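Chain by chain, the residues:
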Amino acid sequence: MSSAPQLVAVLALCAIWLAIGVAGLAALHRFHLVARVLFPAGGAVALAIVAAALPSVWGAPQSVVLPLGLPGLPFHFRLDGLSALFLLVLGGTSAGVSLFSAGYFRQSEGTAPGLLCLQYHVFLAAMALVLLADDAYAFMVMWETMALASFFLVISNHRIAEIRRAGYLYLLIAHIGALGILLCFGVLQANTGDYSFANMRAQHLSPFWASAAFLLALAGFGAKAGLVPLHVWLPEAHPAAPSPVSALMSGVMLKTAVYGFLRVAYDLLPVQFWWWGVLVLALGLASAVFGVVFAAVQSDMKRLLAWSSIENIGLIFAGIGLSILFAAYKMPAVAALALTAALYHVASHAFFKSLLFVATGAVLHATSQRSLGKLGGLLRVMPWVGWASLLGVLASAGLPPLGGFVSEWLLLQSFLFTPGLPNSFLNMLVPAVAAVIALVAALAGYTMVKFYGVIFLGQHREEKLAAARDAGSWERLGMAWLVAGCVVLGLFPAQFLDILAPVTQLLVGASLADASGGSNWLLVPVSVERASYGPLFFFAGVAASFGLAYFLVRRLYHGRLRRAAPWDCGFPWLTARMQDSAEGFGQPVRQIFEPLYRMRRELPTAFDARPRYAVEVGDHFWHWLYLPLARLVESAARAIGALQQGRIAIYLLYSFATLMALLLWVTR
Amino acid sequence: MTGLTQQLIDLFAALLLLLAFAMLAQRRILSLIHLYTLQGAVLVAAAAVMGYATRQPHLYVSAGVTLALKVFLIPSLLHRVINRLNVRWDLEMLINVPTTLIAGIVLVIFAFYLAAPIAGLAASIARGTLGIALACILLSFMMMITRSKAVPQVIGFLAMENGLFFAATAATYGMPMVVELGIALDVLVGILILGVFMFQIREQFDSLDIRHLEKLKDD
Numbered sequence: 000m001s002s003a004p005q006l007v008a009v010l011a012l013c014a015i016w017l018a019i020g021v022a023g024l025a026a027l028h029r030f031h032l033v034a035r036v037l038f039p040a041g042g043a044v045a046l047a048i049v050a051a052a053l054p055s056v057w058g059a060p061q062s063v064v065l066p067l068g069l070p071g072l073p074f075h076f077r078l079d080g081l082s083a084l085f086l087l088v089l090g091g092t093s094a095g096v097s098l099f100s101a102g103y104f105r106q107s108e109g110t111a112p113g114l115l116c117l118q119y120h121v122f123l124a125a126m127a128l129v130l131l132a133d134d135a136y137a138f139m140v141m142w143e144t145m146a147l148a149s150f151f152l153v154i155s156n157h158r159i160a161e162i163r164r165a166g167y168l169y170l171l172i173a174h175i176g177a178l179g180i181l182l183c184f185g186v187l188q189a190n191t192g193d194y195s196f197a198n199m200r201a202q203h204l205s206p207f208w209a210s211a212a213f214l215l216a217l218a219g220f221g222a223k224a225g226l227v228p229l230h231v232w233l234p235e236a237h238p239a240a241p242s243p244v245s246a247l248m249s250g251v252m253l254k255t256a257v258y259g260f261l262r263v264a265y266d267l268l269p270v271q272f273w274w275w276g277v278l279v280l281a282l283g284l285a286s287a288v289f290g291v292v293f294a295a296v297q298s299d300m301k302r303l304l305a306w307s308s309i310e311n312i313g314l315i316f317a318g319i320g321l322s323i324l325f326a327a328y329k330m331p332a333v334a335a336l337a338l339t340a341a342l343y344h345v346a347s348h349a350f351f352k353s354l355l356f357v358a359t360g361a362v363l364h365a366t367s368q369r370s371l372g373k374l375g376g377l378l379r380v381m382p383w384v385g386w387a388s389l390l391g392v393l394a395s396a397g398l399p400p401l402g403g404f405v406s407e408w409l410l411l412q413s414f415l416f417t418p419g420l421p422n423s424f425l426n427m428l429v430p431a432v433a434a435v436i437a438l439v440a441a442l443a444g445y446t447m448v449k450f451y452g453v454i455f456l457g458q459h460r461e462e463k464l465a466a467a468r469d470a471g472s473w474e475r476l477g478m479a480w481l482v483a484g485c486v487v488l489g490l491f492p493a494q495f496l497d498i499l500a501p502v503t504q505l506l507v508g509a510s511l512a513d514a515s516g517g518s519n520w521l522l523v524p525v526s527v528e529r530a531s532y533g534p535l536f537f538f539a540g541v542a543a544s545f546g547l548a549y550f551l552v553r554r555l556y557h558g559r560l561r562r563a564a565p566w567d568c569g570f571p572w573l574t575a576r577m578q579d580s581a582e583g584f585g586q587p588v589r590q591i592f593e594p595l596y597r598m599r600r601e602l603p604t605a606f607d608a609r610p611r612y613a614v615e616v617g618d619h620f621w622h623w624l625y626l627p628l629a630r631l632v633e634s635a636a637r638a639i640g641a642l643q644q645g646r647i648a649i650y651l652l653y654s655f656a657t658l659m660a661l662l663l664w665v666t667r
Numbered sequence: 000m001t002g003l004t005q006q007l008i009d010l011f012a013a014l015l016l017l018l019a020f021a022m023l024a025q026r027r028i029l030s031l032i033h034l035y036t037l038q039g040a041v042l043v044a045a046a047a048v049m050g051y052a053t054r055q056p057h058l059y060v061s062a063g064v065t066l067a068l069k070v071f072l073i074p075s076l077l078h079r080v081i082n083r084l085n086v087r088w089d090l091e092m093l094i095n096v097p098t099t100l101i102a103g104i105v106l107v108i109f110a111f112y113l114a115a116p117i118a119g120l121a122a123s124i125a126r127g128t129l130g131i132a133l134a135c136i137l138l139s140f141m142m143m144i145t146r147s148k149a150v151p152q153v154i155g156f157l158a159m160e161n162g163l164f165f166a167a168t169a170a171t172y173g174m175p176m177v178v179e180l181g182i183a184l185d186v187l188v189g190i191l192i193l194g195v196f197m198f199q200i201r202e203q204f205d206s207l208d209i210r211h212l213e214k215l216k217d218d
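So the sequence lines, in the order shown, correspond to chains A and B. Quick note: the first sequence uses numbering that gives the first Met the number 0, first residue 0, plus one each step. Quick note: the second sequence uses numbering that gives the first Met the number 0, first residue 0, plus one each step.
Just so you know, these hints were derived from the structure itself, not from any lab. Possibly wrong hints are sitting among the right ones.
Residues from chain A shown here face chain B by an in silico Cβ test under 8 angstroms; the list is partial [claimed, not checked]:
hint : residue
1    : ARG646
2    : ALA648
3    : LEU651
4    : LEU652
5    : TYR653
6    : ALA656
7    : LEU662
8    : THR666
These figures come from a predicted structure and were not determined experimentally. For every residue, glycine included, the Cβ atom is placed at its ideal position computed from N, Cα and C.
Here chain B stands alone, though its shape is the one from the complex (with noise of 0.2 angstroms):
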């Protein structure tokens, strides 16, 4: 049984390691939905497995959570986003493809140094994935700096969280309750907020790379 779920935990914490990486080289921001949605239910499966194996009830409810918040509303927001602003195509990079993935190779070794001493204190079933979880904060973090226009940026940041997320799980069994919800919540304003940043900058400079904004810096 326990061996059991010890695969399935490890597996999808490679799944999400391999969608981090398919997102960094991806292009398409149609495509970079379907797969933050994807790594949304990763999570989803992997806190209700864990909640399973560890007999805590309470990591069922944040599975339940995040499913309802990044598996149907924000990709749902997302579409609707892209759908008005009609960005459905990502074609510019600010470092290219291949250097991005070697960039990001080394940032997962330097993330499971980093874990190896901190997952040897923590008692979890799930230890072993704490690096993993770290890689995919750093992976995520990079997207957002290698991308040049503000949906791909967005999805970076909303990445970055089910990083942390992921990471809360495998050390500690999910962090208390309240500063879940409060994460949640947060995410939730965020990408409201987000959204209407979006819409002012493409009002504002007829497009939405931000590479317009440097002509805000004043001298």
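In isolation and in its complexed conformation, chain A is listed as follows (with noise of 0.2 angstroms):
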């Protein structure tokens, strides 16, 4: 026990995490227990798991034996440096979610406030001990855990009928997809029937049957990840989830999938094929353009926030995609930089989107409206929230100096590196591939643009928003925590990196670190000469002109404060509703982009008494992939009940034919 020191004390304290949830049982309906103390005890948990699991991304793999589960068949856990990265971006996301916790959940709101703990524990409990999972039975185990908790937090609202059905769905497709992940499984142990990872490592799979692993993987993690074409649950369950929740199961569910994917590409398979990650990165291009072009048009805040997940799970496949063509080809320096910047998006990305999550709940209760257009200039009436959702918009954006541009920095200058492959096909494809990226990357800005200015910017486009209140004191703690997250990442990329070498060098042999020569304070993917990038020497730009642009205004031109009415074009009733509105600003992406829609429009005539604009956004995977299929089975469903008579004897003759037809077949 003494040889895996982090190891067992994350594992002791996944069994806090459950201790606190079972508290919460016993304290069903004291609401103020569990709210101010059980909360914030699972957010310190959180932060003791990041503490445990920081050496151990340095260190060697640590593994223990639990006797846990059902008799001669135990659960493997192990820790080694991709778990113990994964372990800090849960624990350093999770703190800051259930600090915000403890002051949004509200008494009267769906399930008991006792019940919401321990399903909010069970699941971070279940994210961790699937990160340190060595065996497939205990992965399974926890994965379906994961899965189920967070079900029952999507439901928690479950007196909407809109709510369950979202649930639905959500249940439906994260069960196809662990169907995908069990085959996968089944396959890598190669008929052995021992189903440790161990043993699958040691296995030498043909390529067919490695392929067929590989390829089921991706369905099943890609499924609970959001990949097209199984997204369609993201859109729904993350807006019927409450809040925290949405910025959990965005932050870090989604990446316990895409840790399940390395894992099982890059750990328990041998050998990689181009092939491989050329379909990767075509589905993860296919999910960013798609993703970000529905979130763009979108008028409910969750539901924008959602789609931009499905991109930005996009962007973090296509650089996995790229990694896995790039070390195929056994090129393992370019290889680890794709993989860097993937791995780095999947930690900026589960700060911002957290932390955008949040602030969606906390505009939620002071308004109770999630729709954009009926909010709008919330920034004067919640500062607190409106300054953080700056902080994460920018970082979304992909904008210096915060956390979402060293990924996508990084993954744009893998993508440079694309001429070296020794296929020339590729080499033609890829740059254009790049350009794609550039594309998500300029409209993942411009949705941001709209998420903040209809929000948080210009008029109140209802009377009551005045009267909304900005977030209690633990839900700024908790945003405080996210936004610091985000800014450090931004601010210490070469930092992280350092966190990320081992790692790297565990995947794929080799790290950035081989490369970017020493310097602490410059990022420096391959070499000086090609690129480079000073966060703080950026920051220090950005601050330095910003105060010089402050002072040159307020001491040396007139510094005086002027209020005035803006200039209405001679027009004498100005409104809010006059103001640019999520549809308008929406527009010109929807005109440019409209056969990716499938858009009903209701325009009104000249002569409408009551003129009503409306437009609705639907996706074309539902009407040509899961209608059709809803429809196939119910059909055959139908075709099968036919055979349902009601009478006894017919069915004794079904059981009488069969048995009768075996016993022919068996004694051919």
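Got two chains here, each in a separate frame; can you build the complex from them with the hints?
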């Protein structure tokens, strides 16, 4: 036991999480105990997990066998660099979200607070244990626990039919994904009957079976991560869940799918083929473009963030795909660069997306509005939430000096190395792909301008918004922690790369630390001659020019503050409804990318007494893939239902005929 | 000695088959229960003789269990059920008796055809009777199909279990003790559940005719 101190510590902390959950069940309706004691305690445990996992990023893998579960089938746990990195992301993000939750949950909203506390902490513990599992049995048990806990969290407001429907869709796709993962493990153990990951690593699969395992893993983990075409649950489930839960699902749970995919693709499978990389890259890009294009036209703020999560997961998978491509062609240094970009994006997306989701939660509580068309001007009444979201939005849009920029920049850098590939076809194609990444980054910026501008800037679109209250102190604390995460990831990338280096070393056998020439303040992906980025210098430049401009305006120019009504073009009744709306802002994108949407527009005629404009943006996948599939299943079920006669003699005859046929078949 | 036991086992097997045909043709529920009891008794005798011939004491145990269960307990339960439900007569069959019997003969031929290759592999002294055991199973199954009342169907189910028991004894000197006890217990629990069902059906439809159950199907 003492040979694995960090692993035992993390497992013990997970047990504490579970204990906190059970304590919540004991204090089912004692709201203040649950909210003010148990949730912050959960946040403290999350921080302790970060502290416990940090040293093992550099350390040797540790493993432990716990005699839990079925007799003769113990749980294996293992903590290596990859697990430790994802534990850092999990702990760091959930600490902030737990603090926020302490102030967020209200007494009479859906599930009882104690029950919510149980589900929340079981969810956290299951995610941590998924990252630690070292055999397929433990992995699947934890994976399903995670899915079920999050399902119950999603439907915590289960009296609303729409939420129940979203929860059902989520559960359905989660199970399709779990089926893929289970089959993948079945292929990986290669008929040895031993489902430990150690045994899977030792197997040498033929190319066919290795590809089968890879494709199953891609489908299974892709369903959980929200890759196109298995993304449809995301825009439904995220708005349905309470905001801290959406934050955890989008920020952390999607990352466990990334973790699982990396574990299978790099650790459990002995080789990589180039076409795997191309496939993952293509799917990732499709998700990124599809996600961002849909995010740009949403008018529900949580749905917008959900689509943006699909986009970010797409970028992460694009990075992974590129790294698989390079790894298959034995270019470890560049593979490490692409993988670093993907992992960096995992961390920064976890922080900024959690931040944005909890911010929408605060807005939702203050205004009880989710629709962008009824918000506006909240920066003045909710300055804490407004400024925190501004940083989150900047990170999400990929602007320097925040976290999102570093990862997207690294990703673009890694695309610049594709001319080194020995496959001329790919050589020509991949630079075009880099352009797509640039497009996605630009549209993400556009989306974030819309998100922030419509909610926080301008005038209140509704009268009652002026009475909105800012977030409470627990919520501020949680958001401040998440903001700090975004800022640290943006300003100190070289230090974070030190954490990533052993992980990429583990997976592709190379790391960026080899190349960066040892400078601590400059981010150098390959060599100083090619490209480098010093976020602190950049930040200093931004701060200096901002300070200078401020000083010049306030001191040397007139320096007076003048408030006046905006110019109204001579039109006397200027109202808040004349501002650019969410629909109006998204209209150009809707026009340009029209073939991607399934739009239904309701335009008023010139003679309408009560003119009304409505637009509904649907998903082609839903109508071209899911509905036909559902119809197929339904008609098949009806055909099979015809067998149901209702007469026992007929049912017995079925059995009899089957028995005869089988007997004939075995004695043939 | 072996000649005599061999003859006895063949005799019991033939009796079993005869009883199976008799059950297939029998219309009266009361007689059906008597036939079932008789079949159980023949089964006990067959198991005991086989245990004596092969010096396998566990066959005596299973013979004892069979005696207690299939000759005394289950028939008495069935008698109580038909007395309480007052259904001593069974007049309806879905297919008429001669047709059923002809189909039964076809089934017996089929069973022997199936059993021939398996019997060649078995090493027990009763391997020649495997075909009969299989025929008993199939005939009981057909009895379940052709009856329209609940009680005869239950008896068909029980007779099928008799056939299975005989098949296991004939091919491999009985199943492992644990399995055999488990099956015995299953049959006991099964008959209790079916008894409850019969009372429920009767209460619901005022009759034990299971054709009423067709109404339960939703459209």
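Hints versus structure:
no.	hint	verdict
1	ARG646	6 angstroms, holds
2	ALA648	5 angstroms, holds
3	LEU651	5 angstroms, holds
4	LEU652	6 angstroms, holds
5	TYR653	10 angstroms, violated
6	ALA656	10 angstroms, violated
7	LEU662	5 angstroms, holds
8	THR666	5 angstroms, holds
Violated hints for the displayed structure, listed by number in ascending order: 5 and 6.
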